[in-house]
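Visitor: In case you want the letters, here they are:
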Amino acid sequence: MEANAILSKLEKAAPGKVLESGRFGRSDLLSVWIESTAVHAFAKAVSEEPTLKLQWLENLSVAEVGDSLVVSWFLRSRETQAQLVMRSSVIITSEKEAVELASVCDVWPMAAPLENEAAQLFGIRFKNASGETIETCRTLLADDSEFPMRKSYSVGASAK
Amino acid sequence: MMHPTPKNESHRSRSECLRTDLIGWEIGPYHSSLPAPMKLRLVLDGEIIVSGSVETGFLHKGLEKAIEKHDWNASIAYSDHLDPEAAIYGELALCLAVEEIAGIDVPARAVSIRVILSELTRLSAHMLYLVNVSKAVGAETLVHYVLRDRERILDLFELLTGARFSINFLRFGGVSADVTEGFIERVLEVCDLIRIRIKEYNDLLTFNNTFLKRTAKMGILSAELVNRFGITGSNARAAGVTFDVRKAHPYLSYKSLDFRVPVGRGTDGVLGDSHDRFLLKLLEMTESLEILKHVAETIPSGAFLNRQILPEAGAEDYRIKVPSGEAYTRVESSRGMISCHVISEGGPKPSRIQFHTPTTAALMALPEVLVGIRIEDLPVLLASLDLSIAEADR
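Line order of the protein sequences matches chains S and V.
Everything in the first sequence is counted per this note's numbering, starting at 1 for the first residue and increasing by one.
Everything in the second sequence is counted per this note's numbering, starting at 161 for the first residue and increasing by one.
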């Protein structure tokens, strides 16, 4: 499906939610930026839109860029073959403080392990639709005061 | 990480089994029935598993952080460790992403060498899968036969790259060396050998009555679960979902190659059961042999590496610099789709390299798949799902 066609369908499914759109890197993949507060509503809209049916969350990637955590949801549909990169960012307030973002586990069940990993490694507190924090299983690190994938984390410092 | 406990408590063959009060069992993280460090929490009704949950994270290597801390030169070697049994796929996903960011054209000869390595790795990994399933059902004869034949493939890796595992052979823009003398001839020889051996494996095990009893209608992974958890690879195809990255998003020269994507049919049990997954691996091996034969016979001559972003020999600064940008690539590994998100800020080190691996999705489905099976079948189920904890706990 062409990027322009997807964009017009997005405008119909979630009017006014797309802040910015463009190509993802050098690829033909469409990438859209969403306000962090609109993530859940947008996710629900694109997964339910019958002409898109973006029901497969292929990947969830987090990267620290400047003073923000940029979250990218790589979406696709098995039925319509549509693909989309949904992106949002949250500002890091402190290197030891977690930031908050809406969970999309109820929209895409495959998001659960990806969100769990992002929570532990990047310090993102995922909240469900009723505003409660989703419990994180800290299996990767015993100490939850540092987030190892953040740039501020010093490798080896916690081994003392 | 923890995976949810299913609510479905339907049982199978209850009348044949010992029944007791419900008991809790915790297996792992280290146990001979487990494919790698992981913890299973099971609730049993006699010998039947009523519910279960999975915990992983015991093998976490901090691979992505380690890659960020080193130069681009080291990133290929690190990505080898994503899945030690199928090292090429991590390397390939990374190289394709960097080549997209830097706009590097890979020479046709290097593309063919990459396809040969990918398909040899698929054969090698699938053969290891046959070994694991055979071991789980106690078919020792096949274990020895397959391991003997797999050595021939590992010999080919050694001949080409100097290493049997962790080959660290791909480079941004191609491969690190041209094929050695006699390599192509040996690839064709091994293809002929394995083709005969597949028939032997089939005769020995696939339709053996005892093997069918252990695998048919056991550990059913339905298409609904595949879609719900985003499962890919032969686990998904055995459930009838025809998704293969080589067809859906062709990379290297797969677009021009003629090959089939086999899917499960449930002929000896139910669609998506453990037997279907085993049979599918054998069918996929046959397809890999066809690809290998064709590519080895038509390998073009020419350069094996485009040195566009590589430093000159003897340069003072030996570090690779990848231009600013980002890319997202996918490859079809022996277990399913590996995707790689690479961000470069133009410096000598990657800003972010993230991998997503097929085992993560398969682990999510495990608590649902194991409901209703007997505890004795648990090792067979785990082997049949071809889980790699190394790639999940990257």
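I should point out that these hints are in silico values taken from the structure, not numbers from a laboratory.
Note that the structure is a prediction, hence the values are computed from the model and not measured.
All C-beta atoms in this analysis are idealised placements derived from N, C-alpha and C, irrespective of residue type, glycine included.
Warning: the hint list may mix true and false statements.
To be verified - Computed footprint of chain S on chain V, listed as stretches where at least three residues anywhere in the stretch have a Cβ under 8 angstroms from a Cβ of chain S: (1) 272-283; (2) 314-320; (3) 385-393; (4) 483-489; (5) 495-508; (6) 521-530.
Visitor: Against the structure shown, which of the earlier numbered hints fail to hold, in ascending order?
Guide: The structure conflicts with hints 1 and 2, although it agrees with all the remaining ones.
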